Amino acid sequence: METAVFALFAFLALGSALVVVVHRNPIYSLMSLVLTLFSVAVLFVLLGAPFIAALQVLIYAGAILVLFLFVVMLLNLQREESPGGQAAQRWAAVLGAGLFGGMLATLFWRTYREVDTAPLSERLVSLHALARALFEEMLLPFEIVGLLLLVAVVAATVLARRVEP
Amino acid sequence: MSDDLAITVAKMAVMLGIMFNVAPIMNWVERRAAALIQDRPGPNRVGPLGLFQPLADAVKFLFKEDLTPNNVDKPLYLMAPVLALLPAFSTYTVIPFGPDLTIDGRTVRLVVADVDAGVLLFLALSSLGVYSMVIAGYASNNKFSLIAGIRASAQMVSYELALTVAVVATLMPVGSFHLGDVVAYQREHLWMALTQPIGFLVFIVCAFAETNRLPFDLAEAESELIAGFHTEYSAMRFAAFFMAEYTSMAALSALGVTLYLGGWSLPGVDLQGWPGAALGVAVLVGKIALCMMVFVWVRWSVPRFRYDQLMRLGWKVLLPLALLNAVAVAAMVLAGWL
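Heads up: the protein sequence lines correspond to chains A and B, in order. Residue 157 in this note's numbering is what sits at position 157 of the first sequence, and the numbering runs on without skipping anything. One gets this note's numbering by counting positions in the second sequence from 1 and adding 1000 to each.
Because the hints were derived from the structure by calculation, they are not lab data. Keep in mind that this is a model prediction, so the values were computed, not measured. Careful: at least some of the hints might be erroneous.
[As the list claims (entries may be wrong)] Some chain A residues close to chain B (C-beta under 7 Å, calculated; not the full set):
id, residue
1, 27
2, 51
3, 52
4, 54
5, 62
6, 69
7, 70
8, 127
[Unchecked claim] Which bits of chain B does chain A cover? Going by a derived footprint, with three or more residues having C-beta under 8 Å, they are:
id, stretch
9, 1110-1119
10, 1149-1160
11, 1321-1330
[Said to hold, decoys possible] Not the full set, but computed from the structure, chain A residues with beta-carbon under 7 Å of chain B:
id, residue
12, 50
13, 57
14, 63
15, 66
Beta carbons: idealized from backbone N, C-alpha and C, even for Gly.
Excised from the complex, chain B in its bound form:
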């Protein structure tokens, strides 16, 4: 908590560097992977393998006309994209990304915001993400967007519960809300994904719903709602929603990796000092990249749920499963098995 400003800025630079590059890279990865899965070439014209496609897209977004429809609720309409970016670019602060470093005889913990209630802070900030969708849907003054907004609000609240309960179960054996302690625990014991497979499963399913990705992208279901809550948005404002989606995916992946897959640590490798820190960041990025691939893979393989199925799955399957998992973990912790 008492780091110098310079150190804090440096730490933020590392994490922001990762988070800012997620959206352009994923833009390319998603389209190429989709093409691969659907057996077609995908974007391969701009640069080698189409690698410069994100740059071209960024230029396109910047120079497109920024349309504001006449009948929108203007203040809210303009606010919604900003609200989308806010949680996406603030949650990364509690994710630890390397071992403790010693600089000038002081120990520096490699996490931007070294707070006790780190997990809660993450959940609190990410729970605000839904407002952008609901507000965008309302402000657009368009029935499809409005339906999307209503869907988003109900969906988020339902899945957040199961997600939170699953997360709580991972904290029980650790005995701390600090994500650094969770990683430290997993360096000594098994990864949480192995000891709590059911919780991990619930977490993954909820992560898809929370980031509004197929099979749970009911808030933008293009076959029913045009483009859902961002139908009326164009140019950079649309790009903001786009970036927010990928960045929140990365942020939630980072949380999942930290809670269930050992975070920045590698089993059997003792990461220490500067090389350890560099490797820690690389391992964390690698694990997040793997999770992102799963997001893409599932999106192009699984069809969309119907809305009633979505709500039933959330309340009648995932929440009871998460609760059972939490009770089982609590019992095992009491028995001293974990």
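This is chain A alone, in the form it adopts within the complex:
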């Protein structure tokens, strides 16, 4: 059961990620990206981290991509034209990608063939444990990241502000 769910959503994530890259209409790419993020969220649940899954959907699919969509629609992007290119170029690209993919596949096969397939989630990562880790052990990095985000917000505001003459 779990393996089936994993396989389904892993393929969904990969397939929709592919659509994101190859589709010519930016809106379709964006919606595929939503599907990718959603599928990855399901994989997080299978790994025993429902909290991360919820955050993934809430922040990425629910907020950031909505902003992307807003920008895409505001800029009125059209379908991308086919890049064209010569036949030889295209065959070379296919060959290169095939070689690279083949090498990667061999590498993964060699590395992970021996690893036994344990059940995906033995136990849930509890919110409590996550909060403890975040606010006790990782407190300093956490605060620094917060500061970094604040700086980014200030910088964005300064850049976006129209200078009155």
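With chain A held as given, fit chain B onto it using these hints.
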């Protein structure tokens, strides 16, 4: 989490039974209440008090011609109504609707999905609702719909922030993301609406914006945008948007009731066992119904905001208020007052 399939199905039946009936009932309530407020009779021909009007409307929606305009982006156009229904009919799963029951010596918690991060799951699913509006607006290939879609996307993102921060403040004294724990906390202490009135206010205002209801229904503003994002939709596809709107209102009301108004519990009444469960469901439905009445009441009393006013209210008033509220609650929790 380890309930039998039968128990899970039964629990889903209870909640789905409530959620599926929201739209037809609200169809009647909204029109009758609007008529009452505007001092006119309203739909009163079909059945006693016009009560069978929703049935007539349903039949009408089913038999109307399902038009698909020529120049729409077909896959997205067909997908949008489905996307609208998806979050509306999935968020109810984390709402607890009664006390723990003991069946065959096992404890059954009366909530469909008994997950730790229940509140987050609710927010995550409901945050996906905006896609239906934006996609419908884009796919319709119509400038009014497109403007509506753009408006919807900016509005949702702005108000979701304040809503989430207000919700976080209610979780601080409870110390849990589980909605069942929030209800349990409110059974022992005061209702959250009394201890966090500012957060409650922010939540209500954001709920109106999130469900796209007047005074914040800028995405369908009929005086400017015809019918906004669903201008090009007809028959059942239009009905799907209609149902999604009322169902999300009910779902968000259920969240609000659970967080701020004690959920299925009644102060001073000890609900237990089967009678308690039945009463719990009734109390929850009653509280949701009250919230829905407020939605209707406000819709027919308050005029629509202008778009810039809407954004200003979201970012410059509600978000700072929500943040202040969260900081104040955190301080009070630290001081041990809550």
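Do the hints match the structure? See the list:
1. The restraint placing residue 27 of chain A at the interface with chain B holds, with a minimum CB-CB distance near 6 Å, inside the 7 Å limit.
2. Of the supplied interface hints, the one on residue 51 of chain A holds, with its beta-carbon coming within about 5 Å of a beta-carbon of chain B, less than 7 Å.
3. Contact between residue 52 of chain A and chain B, as hinted, is not supported at the beta carbon level, the nearest pair being about 9 Å apart and thus beyond 7 Å.
4. Of the supplied interface hints, the one on residue 54 of chain A holds, with its beta-carbon coming within about 4 Å of a beta-carbon of chain B, less than 7 Å.
5. Because the beta carbon of residue 62 of chain A sits about 3 Å from the nearest beta carbon in chain B, less than 7 Å, this interface hint is met.
6. For residue 69 of chain A, the interface hint holds, the least distance from its beta-carbon to any beta-carbon of chain B being 5 Å, beneath 7 Å.
7. Because the beta carbon of residue 70 of chain A sits about 4 Å from the nearest beta carbon in chain B, less than 7 Å, this interface hint is met.
8. The closest approach between the C-beta of residue 127 of chain A and any C-beta of chain B is roughly 6 Å, which is under the 7 Å cut-off, so the hint is satisfied.
9. Beta-carbon proximity to chain A at under 8 Å applies to 3 residues in the stretch 1110-1119 of chain B; the threshold of 3 is reached and the given coverage holds.
10. For the stretch 1149-1160 of chain B, the stated coverage by chain A is satisfied: 7 residues place a CB nearer than 8 Å to a CB of that chain, which reaches the threshold of 3.
11. Evaluation of the coverage hint for the stretch 1321-1330 of chain B: breached, as 0 residues show C-beta separations to chain A shorter than 8 Å, against a requirement of three.
12. Taking 7 Å as the C-beta cut-off, the interface hint given for residue 50 of chain A holds, the closest approach to chain B being about 5 Å.
13. For residue 57 of chain A, the shortest C-beta to C-beta distance to chain B is roughly 4 Å, which falls under 7 Å, so the interface hint holds.
14. Annotation: residue 63 of chain A was flagged as interfacial toward chain B, and the flag holds, the nearest CB pair being 6 Å apart, inside 7 Å.
15. At about 5 Å, the closest approach between the beta carbon of residue 66 of chain A and any beta carbon in chain B falls short of 7 Å, and the interface hint on this residue holds.
Checked against the numbered hints listed earlier, the structure breaks hints 3, 11; every other hint is satisfied.
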